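Take the given structure of chain A and dock chain B to it, following the hints.
Residue numbers (our numbering), protein chains in the order written: chain A, 5 to 482; chain B, 29 to 209.
Careful, some of the hints might be misleading.
Once the Cα atoms are required to be at most 25 Å apart in a straight line, the calculated SDA-like pairs of lysine to any residue come out as [to be verified]:
hint, chain 1, residue 1, chain 2, residue 2
1, B, 121, A, 153
2, A, 45, B, 169
3, A, 206, B, 169
4, A, 117, B, 84
5, A, 295, A, 433
6, A, 206, B, 163
7, B, 121, A, 268
8, B, 121, A, 262
9, A, 117, B, 74
10, B, 121, A, 261
11, A, 117, B, 77
12, B, 121, A, 172
13, B, 121, A, 259
14, B, 63, A, 232
15, B, 56, A, 466
16, B, 121, A, 164
17, B, 121, A, 260
Hints are computed from structural coordinates only; laboratory data are not their basis. Just so we're clear, the structure is a prediction, and the values are computed from it rather than from any experiment.
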Amino acid sequence: MTTTLSPQELENDPSKRMPLVLGGKDFHGVTEAVAGIVERKMPVPWALGFLLALSVLGIFGASLGDLIGIGIGEWGNNQPVGWAWDITGFVFWIGIGHAGTLISAILFLFRQKWRTSINRAAEAMTIFAVLAALQFPLFHTGRPWFAAYWLLPIPNQMNIWPNFRSPLLWDVFAVSTYGTVSILFWFVGLVPDLATLRDRSKTRLGQIIYGIFALGWRGSHRHWVNYERAYLMLAGLSTPLVLSVHTIVSFDFAVSILPGWHTTIFPPYFVAGAIFSGFAMVMTLMIVARKAYGLEHLLTMRHLENMNKIILATGTLVGYAYGMEFFIAWYSGNDYESYVFFVSRATGPYAWAYWTMISCNVLFPQLFWFKKLRTSIPVMFVISIIVNIGMWFERFVIIATSLHRDFLPSSWGYMTPRLIDITFFLGTFGLFFTLFMLFVRFLPMIAIGEVKAVLPAADPHNHGHDSSGQGGKHHAHA
Amino acid sequence: MPTHETGKPFALVGYFDTPAQLYHACEKLRDAGYKKFDCHAPFAVHGLERAMGVGPSRLPWIVLAMGIVGFTAAITMQWWMLAVDYPMNISGKQLFPIPPYVPITFELTVLLSAFGCFFGMWGLNLLPMYFHPVMQHPSFHRATDDKFFVAVECKDPNYNAERTRRLLEEDGAQELLEVES
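Next up, chain A with everything else stripped away, as it sits in the complex:
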């Protein structure tokens, strides 16, 4: 930096932006900082964390045994609450995934360079969250190995095709396309970094495995030209895709005629909620990862603060949607609609869940208006977890309160979860964290090449003739 201001001073000067990479790292320093994590000996805290994740995955396996061996009657779902923790878990995880795509694709299209330190881990989070989400619809079919016949356009024994007018079938296409495109996007981003790991690897096994997945990448600029175009187009494709996925998830509800579900606000409201919960999950993971691996110079306070601002903005949007639901219920003059919101949700048997949701999603994120709280690691860590609890409750409230009291009071009921509901949902955390722990152990959790490209020395018109980040005439400012 030509400027002599320290990061703290820069932070206090609103006309200057914080540099994206602190500590004067050069190109090699960035490689060392990120690739070193993968190459070092297995740290003990990682091993402990991995064991914990594996044990929770064991709970998942046991729950699956029960669900398949006995059947999904083991869940607490009943009449009239036919959808409960299963679909709640599905929407919860799919929503979390959305932040990864937002960071990797939408912020990329908006040229937000600060995304480079968080996009890799956020994309990994997307993929693992989608995998966790898929468990719910897959196993709620009861016999998932037959599910292909009614999920995909494969004719069954009577040669009947699935009904393409059904939102549940749209969901199959949306989620599987989303999962596939997210994996492709993530892998494209990984290849140059896998080549770095291949070239640094000291062991034969590492060279072979990283070598296979690096596809013989040699950093050729003739390749980079196609690569960058592919990356841009994948970002361009992922952006409408991610908006469509949660829109279609919301259609599962909105296309029905149930009061509380049958509303046009659902698509934008679901998308905002998805980004909200996803950013909270990125925060939770990143706060732990940057501390555990000493990545404070790459994942700076500016990154965290920017993410908190997005949490504040989307949390406020979600709060607006909650308010608007009440307004429309009153304004429509529809008795059933009014009943769901003013009686069932606000004061009914699930009022505890409703008010938990409101406090977690609407009240707590508002604390981020204060810079002091927005830049305090303990505060943001706690709020990020609170937000995800709140977002789980949001889906539960939408699903359970609309179902438990429908048009006929004689069919009203209440859903209490059974043990298997809880262990199955808990188990998906095991799946998610096991995969995430493997990711931070064996793959570069920060996009090495992309971080180098935002260093001042990466500018081909920077004739400072040093690659140290310090002393170029350009700044790594986004």
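Positioned in the frame of chain A, the structure of chain B alone reads:
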């Protein structure tokens, strides 16, 4: 100074410390009429393709074609399955309505475009590739770390072992070696 005793020389390979030096060297190679040369860098050096005289990627055409295939396939599939092969009357709704067919058509268009993007990119780059001659340069492992390589192929009509070497050295190229094919 070939790295091996036998075999035909493939290219003169060396590296620079900064993207700026590489950029400048590429401009000179381009202006001197070189066509068969390549750069190898740990990240996409911004605008280097202009300095090298490389045109834009042809990838968008592949993606467009695949997108059209996805769109057409989705419409055809839904129409054929539900309106032709096994017409089913569900709640008396039309057999070929447009709005409910939009989501799947959209998703398949995106999916096929993404496949075009992914496989098209590797195809255009001729990857995966097991071996490439430039990898024989003893420092080539730093092309994915912190050095900015240039490789001028001996097949280029302008190539002259001495002249090309001098041109690159003027900009600070180091460890210039001829690698074999």
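Evaluated hints:
A C-alpha spacing of about 23 Å is found between residue 121 of chain B and residue 153 of chain A, which places the hinted pair at or below 25 Å, so the restraint holds. Restraint check for residue 45 of chain A and residue 169 of chain B: the C-alpha separation of about 22 Å stays at or below 25 Å, so the hint holds. Straight-line distance between C-alpha atoms of residue 206 of chain A and residue 169 of chain B comes to about 12 Å, which keeps the hinted pair within the 25 Å bound. Taking the CA atoms of residue 117 of chain A and residue 84 of chain B, the gap is about 23 Å. The hint holds against a cut of 25 Å.
Pair hint residue 295 of chain A plus residue 433 of chain A holds up; C-alpha atoms about 21 Å apart against a cutoff of 25 Å. With a C-alpha separation of about 17 Å, the suggested pair residue 206 of chain A and residue 163 of chain B falls inside the 25 Å cut-off, and the hint holds. The suggested pairing of residue 121 of chain B with residue 268 of chain A holds, with an alpha-carbon distance near 21 Å, which does not exceed 25 Å. With a C-alpha separation of about 20 Å, the suggested pair residue 121 of chain B and residue 262 of chain A falls inside the 25 Å cut-off, and the hint holds.
Of the pairs offered as hints, the one joining residue 117 of chain A and residue 74 of chain B holds, with about 14 Å between alpha carbons and a cut-off of 25 Å not exceeded. At roughly 16 Å between alpha-carbon atoms, residue 121 of chain B and residue 261 of chain A fall within 25 Å of each other, so this suggested pair holds. Distance check on the hinted pair: residue 117 of chain A and residue 77 of chain B sit about 21 Å apart at the alpha-carbon level, within 25 Å; holds. For the suggested pair residue 121 of chain B and residue 172 of chain A, the alpha carbons sit about 17 Å apart, so the restraint of at most 25 Å is met.
With a CA separation close to 15 Å, the supplied pair residue 121 of chain B and residue 259 of chain A stays within the 25 Å bound. Restraint check for residue 63 of chain B and residue 232 of chain A: the C-alpha separation of about 21 Å stays at or below 25 Å, so the hint holds. Taken as a hint, the residue 56 of chain B and residue 466 of chain A pair is honoured in the structure, with Cα atoms around 18 Å apart against an allowance of 25 Å. Restraint check for residue 121 of chain B and residue 164 of chain A: the C-alpha separation of about 17 Å stays at or below 25 Å, so the hint holds.
Under the criterion of a C-alpha separation no larger than 25 Å, the hint pairing residue 121 of chain B with residue 260 of chain A is consistent with the structure, at around 15 Å.
Figure legend: structure checked against the earlier numbered hints; every hint is met.
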